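So the chains spell out like this:
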Amino acid sequence: MTIRNQEQALGSPGTAMLDLVSRLYPICRSITGDGVRETLEILSEWIPLEVHEVPTGTEVFDWSVPREWNIREAWIEDPHGERVVDFADHNLHVVGYSVPVREKMPLEKLRPHLHSLPDKPGVIPYRTSYYKETWGFCLPHETLQSLEDGTYEVCIDSTLEAGSLTYGECLLPGESPEEVLISCHVCHPSLANDNLSGMAVAAFLARRLQAGPHRLSYRFLFIPGTIGSITWLALNEARASDIVHGLVLTCLGDPGPMTYKRSRRGDALVDRAASHVLADSGAEDRVIDFFPYGYDERQYCSPGFNLPVGCLMRSQHGTFPEYHTSADNVDFLDRDALEDSLRNTWRILQVLERNAVYLNRNPKCEPALGKRGLYGETGGMRRGEFDELALLWVLNQSDGEHDLLSIAERAGVKFETIAAAAGALAEAGLLGPAGNR
Amino acid sequence: MTIRNQEQALGSPGTAMLDLVSRLYPICRSITGDGVRETLEILSEWIPLEVHEVPTGTEVFDWSVPREWNIREAWIEDPHGERVVDFADHNLHVVGYSVPVREKMPLEKLRPHLHSLPDKPGVIPYRTSYYKETWGFCLPHETLQSLEDGTYEVCIDSTLEAGSLTYGECLLPGESPEEVLISCHVCHPSLANDNLSGMAVAAFLARRLQAGPHRLSYRFLFIPGTIGSITWLALNEARASDIVHGLVLTCLGDPGPMTYKRSRRGDALVDRAASHVLADSGAEDRVIDFFPYGYDERQYCSPGFNLPVGCLMRSQHGTFPEYHTSADNVDFLDRDALEDSLRNTWRILQVLERNAVYLNRNPKCEPALGKRGLYGETGGMRRGEFDELALLWVLNQSDGEHDLLSIAERAGVKFETIAAAAGALAEAGLLGPAGNR
Amino acid sequence: MTIRNQEQALGSPGTAMLDLVSRLYPICRSITGDGVRETLEILSEWIPLEVHEVPTGTEVFDWSVPREWNIREAWIEDPHGERVVDFADHNLHVVGYSVPVREKMPLEKLRPHLHSLPDKPGVIPYRTSYYKETWGFCLPHETLQSLEDGTYEVCIDSTLEAGSLTYGECLLPGESPEEVLISCHVCHPSLANDNLSGMAVAAFLARRLQAGPHRLSYRFLFIPGTIGSITWLALNEARASDIVHGLVLTCLGDPGPMTYKRSRRGDALVDRAASHVLADSGAEDRVIDFFPYGYDERQYCSPGFNLPVGCLMRSQHGTFPEYHTSADNVDFLDRDALEDSLRNTWRILQVLERNAVYLNRNPKCEPALGKRGLYGETGGMRRGEFDELALLWVLNQSDGEHDLLSIAERAGVKFETIAAAAGALAEAGLLGPAGNR
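These protein sequence lines map, in sequence, to chains R, F and G. Counting from 1, position 409 in the first sequence corresponds to residue 398 in our numbering; the numbering is continuous, with no gaps. Counting from 1, position 150 in the second sequence corresponds to residue 139 in our numbering; the numbering is continuous, with no gaps. Counting from 1, position 424 in the third sequence corresponds to residue 413 in our numbering; the numbering is continuous, with no gaps.
FYI, nobody ran anything at the bench for these hints, they're computed from the structure. Do not rely on the hints blindly, as some may be mistaken.
Intra- or inter-copy, both count: the list cannot distinguish identical chains.
Unchecked claim - For lysine to aspartate or glutamate, the following EDC-like pairs were computed, each having C-alpha atoms within a straight-line distance of at most 20 Å:
(1) 98 <-> 320
(2) 109 <-> 256
(3) 353 <-> 51
(4) 93 <-> 71
(5) 93 <-> 142
(6) 360 <-> 48
(7) 403 <-> 278
Source: prediction; values computed, not measured.
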């Protein structure tokens, strides 16, 4: 296993992320099993991943790690012996965690095991049954309707036995032990936006962070949804307090505008940073309040942890018609959207990295900027000389109470501009540190 | 005196309330006197009322209980000896608290004692003069204009002498000594919406509360406006601190939508509960801020008490043309409106009864709802499965800081739904008490 | 020097202010020099001014007082010996603080010293160069374009040498040592709105304050912009803490509606008072947030002082086309606008003077207003009896927490009405003092 060269990752990340998604797409993932292992192995070509195996039966808070599920083949043969549904064609055809079955039965007995979407007759739905032992097939409604009466043979060659839950972790230590958590779920089979897109953006973020120094530490988790985050939190409870910011990444490849779902706290720095970056990108009205449904932010934001973890998406789960169907495939993804998602996520992380509270060392009246080469030299200037106004905002607000992001918000300018102004003032000795936030 | 059977009260409360109003309508009430006593006696057929008599001259804060006023007959005879105005026809014809008079006088001398509404020429206005000794008659403007010159004979056979101020009180003790105050004024003569409607709704609320157990204690006051609430507060100053919620009920029978006027505090639980219930009933924009005018909330919300008492109405006093005229009669009332008022008031009381702060006993990550029969069993579900989302909201927010009403508000669902979800979770041992609010 | 008679000042202040502006207009002012002295001498005819001289080189925080600049003549002669630009025609023709020059040079060498506005070809721009030694002329763009090639003679007979910075101060002591700061800049040459208008309004405010008693003390500063306020703050640092409210006055004569720029605090009493007065005058949407650019509020609101000083204007600097050009002349000013500015500023000061927190001495229930002659005597009144409602608002809110301005805001009525009601209640012994705010 070699780490692919960095130029490729940074050069055209949209294409590279789309290639990664295409390669991961055919693999049959679930909350446990070999599909997750294969996925993490491919991700390891890009970033250094530590792969954890947590044995079946391990108690994790109110839950226990389930048995491991693996599947080799599954099909339905019609009365003429023709395979009308075949797992080999599409892994969504089998209800996740189906118990093994090999049996002949009339259509009416088979029927309750068949799932389709009458309102979307051409696509295969996605169904799982993790905690109730059953089996089933998913198929296009038009296929279901074409089935004639008679005796069908069904085969699901799966195993559900003691094994482990597998997840990947990548810690990139920074100057500070304070951590940013980036979490994405790796339990969905052939579904591209949900959530191969999140995995691809997370992997490319990690590569970019590795390319240079960073103040904060970053912990990337590639975990099965719900049970994976519960497992990680249960096994790493003491570490959770190091997490000062976090993002769940999902549905980042569709052509819709960005959406940010706030953490339960609502006003954490990550919430403010994401709102600022998205407002700037013209998607302001897609910042939504926390609600206790969705992805692993449900666990990170449970009241016993209440971590400042939001969820970054483009289209929200359940709001695009391709969601949880075979239509959520590689063709549904947009290269530019993936690249835009990466860029916005990066900008959010940069706010977290660079935000700080400064103290104006010359707080009584404005300092003479001219003699330090920081001010235009001809009087009678108008408002609108942008950089000078940024300098004045930073000086005026740096009383130890306002961080750079709040100054940017009050001034109505980009964080980057305010941060650059603060840098120049600090260099000139006019600003001193008052602690990071 | 017998308590009427309960079925009648609960069976068709709109009709029953309208019957009660019709029976009380002809009685000549004022802030003191036999009309109030007769009114309380009729109310006693429905609910257990303790009738208090406070002697004339009793000092009550900055005021003293006035002399008692009673009236037997009153009329004006025109120059031909015809009775052009007669108290026997309508008790609004006499200015309340008129001193006795029996005199012949020319029209020009009588004129200053005659009150009419030029812009509503067909109705009799309502006038009183409690604190300045005078006498007067009220009549339709068209009658006034038809009076010819000449000598008129006027008679008011009233008495204004030492007696007492009468009010009714009904305390329904609950598990808790904390009290809900329900107050309505009983001092208006033949005026139906203002305030026989409030008296009827209060009486039927009390009956309904008697029909089952309740956590809170309820104190119903049937009192003359202003001087009555001042008297009660002065004589019961120590008890006022037990009042944790309160409603003044008035103008609850007209066909307009509900209005809630907040307490002086503005954010008391009764304010939030009423806003929630009214928003739900489609009258959201009729929640108005407190102002120091209106009914007895003026006294309950005076700064020395500042009780959390709001005022529940349909049309606000002064905003409907029938207000304080003979047009505010039984025909003006709407049976369905009375019933809707009772239903909404009841729902507000239910929020007060059931609101509580819980503690999630399993605060770290979500509990496994499935193994407790509280969750759907097939994965891949979408947002919209309402009851599960309510369970998740209650679990997520029950950190000891949020009461059920605030959870309902944040979740955007009915209080009843959130309270039901909390009940199920408490039964499953997942929620514990953190105190009531 | 005599103080002009007061009647003139109070009788027709618009005309009188316009006369004062006209007299001051031709004087060539700068941040130092004889023009400022002459200006202060004329103002001394109206109000008692203490004139201060601060020597060149005095250290004032991060700055030092610059050399004094004076100018006698300046002109450009074209190749034919004709004066194409002459300081004697308009003092904007010379860049402020130009060093002396007397030289012949070809047009191409002169060109970089010539400033014009291509988009406003008929007007002379205003330029200064206080902190970089250079010289220059300002002229209409159409004049610049008409210049033919050849040798030009230029003359600037100025001096830039050790001297002093001059400013005027007028302290009007009140009952309280708490001060209201009224500050305006006196450094602009022939520019009428910016800022002869501010000087005129300040002078007439001072006259009006002298005409009667006032609770607060008032400090008027007539100072050069930026370096003047920095100098005053540096030399009077200990006095700054006495400043409890303040206004920078500028651009108060143009025909646009009033604008108020909040202090850095945003919710200081002066901010609330100005918002209330302007809302009342129909200019509510012109209350804008603080930003660290503009006039001397930049210094007063620097974080080391953070004084509650806002800025009152009509049109904002930079938003009217005449700004900083020869078009900002006496004709641009509007007599009624000047008078309206004076009236609104006066009303703001009256809120500061009269605002107070009272205690209701009869806080339990309403007092009996009738027996004190403060209430209408016939019952059945409707909301709308304005004065009684004002009395009830003051009584209800006077719990020691709410000042009169907040009561006016909550009641939605003019401050003057609430203050009058409070006065009547205090006279009746129903209100007592709880301290001023």
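The hints, checked one at a time:
| no. | hint | in the structure |
| --- | --- | --- |
| 1 | 98 <-> 320 | neither (36 Å within a copy, 66 Å between copies) |
| 2 | 109 <-> 256 | neither (39 Å within a copy, 48 Å between copies) |
| 3 | 353 <-> 51 | between (57 Å within a copy, 9 Å between copies) |
| 4 | 93 <-> 71 | within (14 Å within a copy, 104 Å between copies) |
| 5 | 93 <-> 142 | within (4 Å within a copy, 108 Å between copies) |
| 6 | 360 <-> 48 | between (66 Å within a copy, 15 Å between copies) |
| 7 | 403 <-> 278 | between (23 Å within a copy, 18 Å between copies) |
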